[in-house]
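Chain by chain, the residues run as shown.
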Amino acid sequence: MDERPVSPALKLLAFLMFAFLLAPLIVVVPISFSGDSYMMFPPSSWSVKWYPAIFADGKMTAAFWTSLLLACVVTVLSLVIALPAAFALVRLKPRGAEALSSLFTAPLLLPTIVLGLAILIVFARFGLLATFPGLVAAHLVVTLPYALRVLATALSTLPIAVEEAASTLGASPFTVFRRITLPMMKSGLIGTTALCFLVSFDEVVLSLFMTGPRIQTLPVAMYHHVEQQADPLVAALSVLLVVLTLLVVLVVDRTSGLAKTFVK
Amino acid sequence: MTAAITMPAPVAERRSNGLALVVALIAPIALVNAFGFLAPVLNLARMSFYEVEPTGAMHEAFSLATWAKVVADTFYAELIVNSITVSLGITLLTLICSYPIALYLHRSSGTWKTILLVLVISPLLTSAVVRTYGWIAILSENGLVNNLVSGLGLERLRLMFNKTGVVIGLTEILMPYMILALLAGFGRLDPRVEEAASTLGAPPFTIFRRIILPLTLPGIALGCLLCFVLAVSSFITPKLLGGGRVFLLATEIYDQAIVTLNWPLAASLSILVLVIFGAALVLYTRALRAIL
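Respectively, the protein sequence lines represent chains V and E. Residues 1 to 264 (this note's numbering) make up the first sequence, in order. Residues 265 to 556 (this note's numbering) make up the second sequence, in order.
To be clear, the hints were calculated from the coordinates, so they are not data collected in a lab. Using N, Cα and C, we set each Cβ at its ideal position, and we do this for glycine too. Fair warning: there could be bad hints in the mix.
[Claimed, not checked] A partial selection of chain V residues facing chain E, derived with a Cβ cut-off under 10 Å:
1) Phe20
2) Leu22
3) Gly35
4) Met39
5) Ile54
6) Gly58
7) Met60
8) Ala88
9) Leu110
10) Leu250
11) Val251
Whole structure, please, built from the sequences with the hints as guidance.
Take a look at the structure:
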């Protein structure tokens, strides 16, 4: 770690670039309190009418509940599917474990626009387009690699001695896993939950390919709204989403350390 | 008898038991992978050879018609060149904007560093739609910049619905990726080397050019690869800030897939994106070998 005083020039440059990086997130706050009926910045008058307007907009509220339910289902399924796989690949070390984990994380290497198109074409054949199960399956394709990666890292860094001690003392493999391994990888589990939830809740490209007039996720509804009219409604909604994201980030930081979970 | 129970099972039996267990444990993820990734991608490659009739109907065949169209039509050549040059420009700008932040983060410590890290990661976790909307507020006709400019008595600028808007928006959106990649590469920076150079009389800029920059090149290479690849394939921001007036590979794929419904053409364009990815990866590996 380098702890010498930072030169003022670097400080100023870094500050300017931080301002640029955060500008689009900061401007939505004043706009969400705009009294105008279309977007202009700075607003000519102020009001809080756009926040209740979100809840009066049937399309947005329906999309919000779809997204929330979708993110919860996807997160639970990701944990249930990725945890056994991570255990098998890390602890049982079958032949070809390396190749298998590359295959299972490969969907992350593919651009989502290509993956979205590929999934669209195959799912259309099975009548899965614009259905909830179809959305769940599409989101799982991108959340599972994250879940597998974080859980496998968590598992491989655990000291194996405690597990061995428990099994020497007569605990069955399942008991060892439930009573020793799971509690010890708590931070990995929290990180995975947060990551899968945010990835699914924010996912927009795959969802754009998978949704239709019958079913929409919140990011897709917002995308179509902005495409037609960029009024302050989306700003109010954005503020709520940013607050939600910050809450999740803070919870993760408090429970397992932000740097440990996201910076690898 | 108790001894017999605790005796380990014969090796062969244990291995077959173990194999069955492994198969059972990875079956669910393998199923999702096969159905949601492998099959769709293989099908995509196959689809680029399907035949499309003038009516728009398509049928299974092995035809090079779509590929011939992509190669012959100068619109697609322009699309590819456009995508690559815009993405290269965005990558360079992202590097310039991210480097000071990464260097500053590397030099700070404690709570302050955590706060800065949260500020870098939070945009990453915020939807691209939200951040693009923020840019519309800043760049549009009645946006922040134009109201400032007209307040100064100058003529309003056209910052949106053109390449300028797309480049500004995507640069900001890709910055967190670049910062994290740079930070990962900054581990090689040894303060003692900088101090030695400074003691020997090197001015700060020389230290930066001769020591800091060369040592951080691997991080720069990784960040550039990541940003280029993400820029080529991004389409939410180009679509919203480009307003249908900026033609890139990714936006064309979406239009062909959803609007025109010419899936074979969308499939061939997707494969072109993957080819560009492969080329970028080869260049990156070469560059890395030259640096190290």
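Exercise for the section: Identify whether the interface hint at V/Phe20 stands, where standing means a beta carbon of chain E within less than 10 Å of its own. Expected result: 6 Å, holds
Practice task
Would you check whether V/Val251 satisfies its interface hint, that is, whether its CB is within less than 10 Å of any CB in chain E?
Solution key: 12 Å, violated
Handout entry: Satisfaction of the V/Gly35 interface hint, Cβ to chain E closer than 10 Å
Key = 14 Å, violated
Practice task
Return the status of the interface hint for V/Met39: holds when the least beta-carbon distance to chain E is below 10 Å, violated otherwise.
Solution key: 6 Å, holds
Practice task
Would you settle whether the hint for V/Leu250 is holds or violated, based on the nearest Cβ-Cβ distance to chain E being less than 10 Å?
Solution key: OK, holds: V/Leu250 within 10 Å of chain E, min 8 Å.
Handout entry: Given hint V/Met60 near chain E, where the shortest CB pair must fall under 10 Å
Key = Nearest chain E Cβ about 13 Å off; hint violated.
Handout entry: Interface hint compliance - V/Leu22 to chain E, C-beta minimum distance less than 10 Å
Key = 7 Å, holds
Problem - Given hint V/Ala88 near chain E, where the shortest CB pair must fall under 10 Å - result: Holds - the Cβ of V/Ala88 comes within 10 Å of chain E, reaching about 4 Å at its closest.
Exercise for the section: Double-check V/Gly58 for me: the hint is only fine if its C-beta lies closer than 10 Å to a C-beta in chain E. Expected result: Hint on V/Gly58: violated, closest Cβ of chain E at ~19 Å, above 10 Å.
Exercise for the section: May I ask you to test the interface hint for V/Leu110 with respect to chain E, counting a Cβ-Cβ separation under 10 Å as satisfied? Expected result: 7 Å, holds
Problem - Agreement of hint V/Ile54 with chain E interface, Cβ distance less than 10 Å - result: Constraint on V/Ile54 not satisfied, violated at 14 Å.
The structure does not agree with the numbered hints 3, 5, 6, 7, 11 stated previously, though it agrees with the rest.
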